[in-house]
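Peer 1: Here is how the chains run, residue by residue.
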Amino acid sequence: MEYIINAPVTAASAGPVYGVITIESPELAGEASPGQFLHIRCEGYQLRRPISIAGVTGNRLTVIFEIKGKGTRWLSRRKPGDVLDVLGPLGHGFPEAGGKVLLVGGGVGVPPMHFCAQRLKDCDAVLAFRSKDRALLTEEMGALCKAVTVMTDDGSLGEKGFAAQGVAAMLAQDRYEAVFACGPKIMLKTTFEAARTAGVPCWVSLEERMGCGLGACLTCATPIRGADGQKVMKEACKDGPVFRGEEVIWDG
Amino acid sequence: MVDMRVDLAGVALSNPIVSASGTFGFGREYAKFYALGELGAVSAKGLTLHGRPGNPGPRIAETPSGMLNSVGLQNPGVEGFLRDELPWLKTQGTKIIVNLSAGTVEEFAQMAELLSVDGVDLLEVNISCPNVKCEGLAFGTRPETAAAATEAVKSHTHLPVMVKLSPNVTSIAEIARAVEGAGADAISLINTLLGMRIDLSTRRPILKNNTGGLSGPAVLPVAVRCIHDVYAAVKVPLLGMGGVETGEDAAELMMAGASAVAVGTAILSDPMAPVRIRDELKEFCESHGISEVRSLTGSLEVW
Ligand SMILES: Cc1cc2nc3c(=O)[nH]c(=O)nc-3n(C[C@H](O)[C@H](O)[C@H](O)COP(=O)(O)OP(=O)(O)OC[C@H]3O[C@@H](n4cnc5c(N)ncnc54)[C@H](O)[C@@H]3O)c2cc1C
Ligand SMILES: Cc1cc2nc3c(=O)[nH]c(=O)nc-3n(C[C@H](O)[C@H](O)[C@H](O)COP(=O)(O)O)c2cc1C
Ligand code: FES
Chain Y
747 MEYIINAPVT
757 AASAGPVYGV
767 ITIESPELAG
777 EASPGQFLHI
787 RCEGYQLRRP
797 ISIAGVTGNR
807 LTVIFEIKGK
817 GTRWLSRRKP
827 GDVLDVLGPL
837 GHGFPEAGGK
847 VLLVGGGVGV
857 PPMHFCAQRL
867 KDCDAVLAFR
877 SKDRALLTEE
887 MGALCKAVTV
897 MTDDGSLGEK
907 GFAAQGVAAM
917 LAQDRYEAVF
927 ACGPKIMLKT
937 TFEAARTAGV
947 PCWVSLEERM
957 GCGLGACLTC
967 ATPIRGADGQ
977 KVMKEACKDG
987 PVFRGEEVIW
997 DG
Chain Z
-3 MVDMRVDLAG
7 VALSNPIVSA
17 SGTFGFGREY
27 AKFYALGELG
37 AVSAKGLTLH
47 GRPGNPGPRI
57 AETPSGMLNS
67 VGLQNPGVEG
77 FLRDELPWLK
87 TQGTKIIVNL
97 SAGTVEEFAQ
107 MAELLSVDGV
117 DLLEVNISCP
127 NVKCEGLAFG
137 TRPETAAAAT
147 EAVKSHTHLP
157 VMVKLSPNVT
167 SIAEIARAVE
177 GAGADAISLI
187 NTLLGMRIDL
197 STRRPILKNN
207 TGGLSGPAVL
217 PVAVRCIHDV
227 YAAVKVPLLG
237 MGGVETGEDA
247 AELMMAGASA
257 VAVGTAILSD
267 PMAPVRIRDE
277 LKEFCESHGI
287 SEVRSLTGSL
297 EVW
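Residue numbers (the working numbering), protein chains in the order written: chain Y, 747 to 998; chain Z, -3 to 299.
Keep in mind that the hints were calculated from the coordinates and are not lab data. Fair warning: there could be bad hints in the mix.
[What the hints assert, rightly or not] Listed next, with one range per pair, are the computed distances between beta-carbon atoms:
#  : chain 1 : residue 1 : chain 2 : residue 2 : range
1  : Z       : Pro60     : Y       : Thr803    : 34 to 40 Å
2  : Z       : Tyr30     : Y       : Lys816    : 26 to 32 Å
3  : Y       : Pro772    : Z       : His284    : 52 to 58 Å
4  : Y       : Gln919    : Z       : Ala31     : 37 to 43 Å
5  : Y       : Arg823    : Z       : Tyr30     : 28 to 34 Å
6  : Y       : Ile750    : Z       : Pro83     : 47 to 53 Å
7  : Y       : Tyr749    : Z       : Pro49     : 43 to 49 Å
8  : Y       : Ser902    : Z       : Tyr30     : 49 to 55 Å
9  : Z       : Thr87     : Y       : Glu885    : 36 to 42 Å
10 : Z       : Glu279    : Y       : Lys931    : 46 to 52 Å
11 : Y       : Gly790    : Z       : Ser291    : 24 to 30 Å
12 : Y       : Gly972    : Z       : Ala31     : 31 to 37 Å
Ideal Cβ positions, reconstructed from N, Cα and C, are used throughout, including at glycine.
From just these sequences and the hints, can you work out the full model?
Peer 2: Have a look at this one:
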């Protein structure tokens, strides 16, 4: 069930790179599951911005976003007491899991992994960032996960290297029921390959530009390998954003 | 009380607001928010004879007061529509407009025949899609080919036929006269304008198709001008569209000559847009002492 909600902002902060907004909505909070996103109206701009749900506490939902262009800049200027026009929760998120899950987040792919960690009983994480000043949620993830590997491209925080190296190391050390990943496409691809090598099923969250967010306008279509191996277009907003690694046409 | 009923080529609409083709799927996604019977009609996603995967992504780019799309007519084909969508859609209590595109006159004729079934109220012949090469648009840019497509559909259906025109032409009135001459019962306009946006960091177009169709508030004045030109040139009723976001925008298109008004891009950001716009149009009529919304049509007086 999707809602269109005028949700009050209860907390908001912004740094040089990221913005964080918490809104209150019993409907959205009650319905939300990890991997789903909110489609947020940014005043003065034609299209809503899709932002993953980073966490739910009680009736409150938090989103964490990189301040990139015009819409996210507008978002970063919101203050407590403002009202946000939010459509959500949208999309198919990550599956439920009883066993241990390895969460893999890169950059602004980390926030949805935080929501996964809130809901999973047993998880570890690999968090990858470009550099220390772009690190996100490392302490919070440390509190929710058993083991966390932090990696940076330049070695300014944690281990130097890319996410997939950390993923391969974790998969070699422990047994996992699944790998959940969100981040840049190249990171998703290498993570999926590492998981496949280890024989662990992997789900990834894809990013596409979106219009309606509901499956009606077909502007977010992404090529997916159907059951018969044939390429089919699926709506990232509705059929995704989370897909099984095997379904994704990585070079499509 | 305002009488909101309008007539579009013999199809009685409960109110003038229609969903624009391609922005509303086959209605399922929006039926979760309101009964489709709230709308005068639903214009379904553009169909081709056989299903199409559409263009590669990205397919959407934001623009000042609008957007570009290059979906490229992704659709399940006539058979898929008749099997999976129409049986549901026709139980929703709204009028159904089926939008169709084809690459040849024969294909238009074949589609018209297959789609002339119970539940379909009106055929909308899309000869103006800018996103598929050598199809659609090619028919819409010359009077002779526009007439040929119209005639092919008209001679293979008992349903009223509406032809959708492109603003990407020198004289839209000339094309309108040609399709009216070929038997069109109504004309819908405007389809999107060709546009392009560049990602400055990669120096590449944002759209994988390079170009796409511009829609949204940015095109409203183009729509008003085109509707005005076509209203003066033909007698058949017009379904106006292009950038409508409020009831007042809808009233403006009606004054320019539209009998009914389709809402497209506005739905993408506000799923409630068609219902809200209908209510606002009614309020506009109430506050201006208008008792029949249809009296707005063509009520413009030019200088
Ligand atoms: C399902 C999903 C979940 C996401 N979750 C997050 C998140 O949790 N945190 C975060 O920081 N970012 C997330 N993103 C990316 C985020 O949507 C874009 O960074 C944002 O839309 C950029 O908007 P802008 O106004 O800053 O940029 P502008 O360049 O002004 O945007 C112009 C248009 O392009 C679209 N656009 C630009 N970049 C992207 C992109 N990378 N992905 C999708 N649309 C884009 C915008 O939505 C808008 O329609 C997510 C994207 C998707 C599809
Ligand atoms: C995402 C998208 C898909 C569209 N698909 C179709 C289509 O399949 N057939 C068609 O005739 N018009 C299509 N259109 C054009 C619209 O029906 C409409 O003519 C145009 O967008 C102008 O109206 P608007 O500004 O209210 O959107 C599409 C428009 C958009 C934005
Ligand atoms: S954004 Fe409209 S179908 Fe996905």
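Peer 1: Do the Cβ positions of Ile750 (chain Y) and Pro83 (chain Z) conform to the proposed distance bound of 47 to 53 Å?
Peer 2: Given range 47 to 53 Å: violated, Cβ gap about 28 Å.
Peer 1: Does the Cβ-Cβ separation between Gly972 (chain Y) and Ala31 (chain Z) fall within 31 to 37 Å?
Peer 2: Check passed, 33 Å falls within 31 to 37 Å.
Peer 1: For Glu279 (chain Z) and Lys931 (chain Y), compare the CB-CB distance with the range 46 to 52 Å and indicate the outcome.
Peer 2: holds, 47 Å
Peer 1: In this structure, is the beta-carbon distance linking Pro60 (chain Z) and Thr803 (chain Y) contained in 34 to 40 Å?
Peer 2: Check passed, 38 Å falls within 34 to 40 Å.
Peer 1: Starting from the range 52 to 58 Å, see whether the pair Pro772 (chain Y) and His284 (chain Z) falls in it by beta-carbon distance.
Peer 2: violated, 41 Å
Peer 1: Just to be sure I understand the hint, the distance between the Cβ atoms of Gln919 (chain Y) and Ala31 (chain Z) should be within 37 to 43 Å; is that true here?
Peer 2: For Ala31 (chain Z) against Gln919 (chain Y), whose Cβ atoms are near 55 Å apart, the range 37 to 43 Å is violated.
Peer 1: Is the distance from the Cβ of Thr87 (chain Z) to the Cβ of Glu885 (chain Y) consistent with 36 to 42 Å?
Peer 2: Between Thr87 (chain Z) and Glu885 (chain Y), where Cβ atoms are some 54 Å apart, the hint is violated.
Peer 1: Given a hinted range of 28 to 34 Å, is it respected by the beta-carbon distance of Arg823 (chain Y) and Tyr30 (chain Z)?
Peer 2: holds, 33 Å
Peer 1: Do the Cβ positions of Tyr749 (chain Y) and Pro49 (chain Z) conform to the proposed distance bound of 43 to 49 Å?
Peer 2: violated, 31 Å
Peer 1: Between Ser902 (chain Y) and Tyr30 (chain Z), does the beta-carbon spacing fit 49 to 55 Å?
Peer 2: holds, 52 Å
Peer 1: Does 24 to 30 Å hold as the CB distance between Gly790 (chain Y) and Ser291 (chain Z), or does it fail?
Peer 2: violated, 35 Å
Peer 1: Quick one: are Tyr30 (chain Z) and Lys816 (chain Y) within 26 to 32 Å, going by C-beta?
Peer 2: Holds, since Tyr30 (chain Z) and Lys816 (chain Y) (Cβ atoms, about 31 Å apart) stay within the stated range.
Checked against the numbered hints given earlier, this structure breaks hints 3, 4, 6, 7, 9, 11; the rest are met.
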